[in-house]
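Novice: Let the hints inform the model, and build the full structure from the sequences given.
Chains E and R, in that order, are what the protein sequence lines are. Take 1 as the starting number for the first sequence in the working numbering and just add one per residue. Take 1 as the starting number for the second sequence in the working numbering and just add one per residue.
You can't tell identical chains apart in this list, so a pair holds if it fits in one copy or across any two.
Think about it this way: if two alpha-carbon atoms lie no more than 30 Å apart in a straight line, the pair counts; the simulated DSS-like pairs of lysine-lysine are:
| hint | residue 1 | residue 2 |
| --- | --- | --- |
| 1 | Lys-136 | Lys-58 |
| 2 | Lys-136 | Lys-188 |
| 3 | Lys-58 | Lys-88 |
| 4 | Lys-136 | Lys-88 |
| 5 | Lys-171 | Lys-136 |
| 6 | Lys-171 | Lys-188 |
It should be emphasised that the hints constitute simulated quantities derived from the structure, not laboratory data. Please read these numbers as outputs of a predicted model, since none were measured by experiment.
Number of protein chains: 2
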Amino acid sequence: MSHWLYLPELASTGTAAVLEDAEAAHAVRARRLRVGDVVCVFDGAGRTAAARISEVIKRPFEVHLALEAQQHWAPPAARIHLTSALPKGDRQTTMLDMVTQLGVTDFTPVNFERSVSRVGTGSQDRWRRVLIESCKQSQQPWMPLVHSPMDLGEWISSPTDDGVVNLVAHKEGESRNAVIEESLVGAKQVRLLIGPEGGFSENELAQLDHTQTTMVSLGGGVLRVEAAAVALTALVTRTLSDSRIGSRPDKGSA
Amino acid sequence: MSHWLYLPELASTGTAAVLEDAEAAHAVRARRLRVGDVVCVFDGAGRTAAARISEVIKRPFEVHLALEAQQHWAPPAARIHLTSALPKGDRQTTMLDMVTQLGVTDFTPVNFERSVSRVGTGSQDRWRRVLIESCKQSQQPWMPLVHSPMDLGEWISSPTDDGVVNLVAHKEGESRNAVIEESLVGAKQVRLLIGPEGGFSENELAQLDHTQTTMVSLGGGVLRVEAAAVALTALVTRTLSDSRIGSRPDKGSA
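Specialist: Here it is, written out as structure tokens:
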């Protein structure tokens, strides 16, 4: 199992590449990689390549790589789109890290009446760095896309073509796995909606009542946003990995 | 939904109690509670009581409470015992926080051949503070019990009476919910085993092969310990909350 390194321009790269700045420093300092080590470079858009480290320069850090043939992985058969209230502070990155490991493909922050956090300056950059690290960790060739925040009204009125399945985390929701499985058969995009910790307002619940959604109970106690997000993501990715329900391209076949 | 405050000596407390030190400071500073506010005190062992704040003293902090009748909640019908490799650093508390919210009742660190972290000095104290906060957050009257670390050999040779179900997180494991559901019917204790990030050794896998366990696939990519722990816990607590499979005492009936 080789280390993964991020090379966003992989598509336009031939047989040689140079990593610089933070990525090079990370490879040498944190990963302690040396000349001769074999790594995997990825661009977060489905391309990977095995690469051998041919030279390491310090001050400033540069890692020179000799690349082998690229592989191009098929995108996941079903997109898993986390649309959730923003947790506070560090819990945002904890959430994004874990759901990326579990296979989320898209993330959109949603604003609710009782939301306590909004997208701040610098959030997108911080999230991007977390997503890169999570892809490396979990060896995901596709990096989740982060979309602009939306209000619940926009979420509800988003056009949902055939194949979009909406699941909403809710204490009083469905607890039978079989019902969730049935709702996911043939899904092309699964949107997971997680409300704020103060819960949905009466008005929001009424709006959701008129929308094609399945409310899903997650068990346990009162959940923080990130715990609910991870639990619902785990339920969906696991269910879709059952070949009778979803079909996820096998990495080995690329 | 009132704030929860921790009062470990609730069992021997009459109609008045005083919170001191960190718990009192937390109530006043972080929660901004004042005289007249109604809170819920809990002892982590199934007892709760509604309480009204009768006096707040600063320097040093004291919160005086007038307690109403105690409630005694039944323990969960099935214990959910997380037995896992220790993640590094802060990821230990992230894991314990989330699995407590989801309803884990017991935690035992397990040492594997490829374990990178061991229980350190002060870990137990730090974990205990996290568990208290997670119980408050998720309104769980039962606090998870933290047991001494064990080696995998001890885990395997632990006496498993009738009603103990062993689930092991494993990439190549079972992906059908129905099989997991079947294994959980009538469970009195579910032990969730999460290996280290380097994976089980050949030797460990061979030992596990001779043990009564179900290997469970969690979907997604290569998972960190805490992501796997949360995903497997979520699967189990959710499945047990399905009344056809598990029966969890209803808080409302205490």
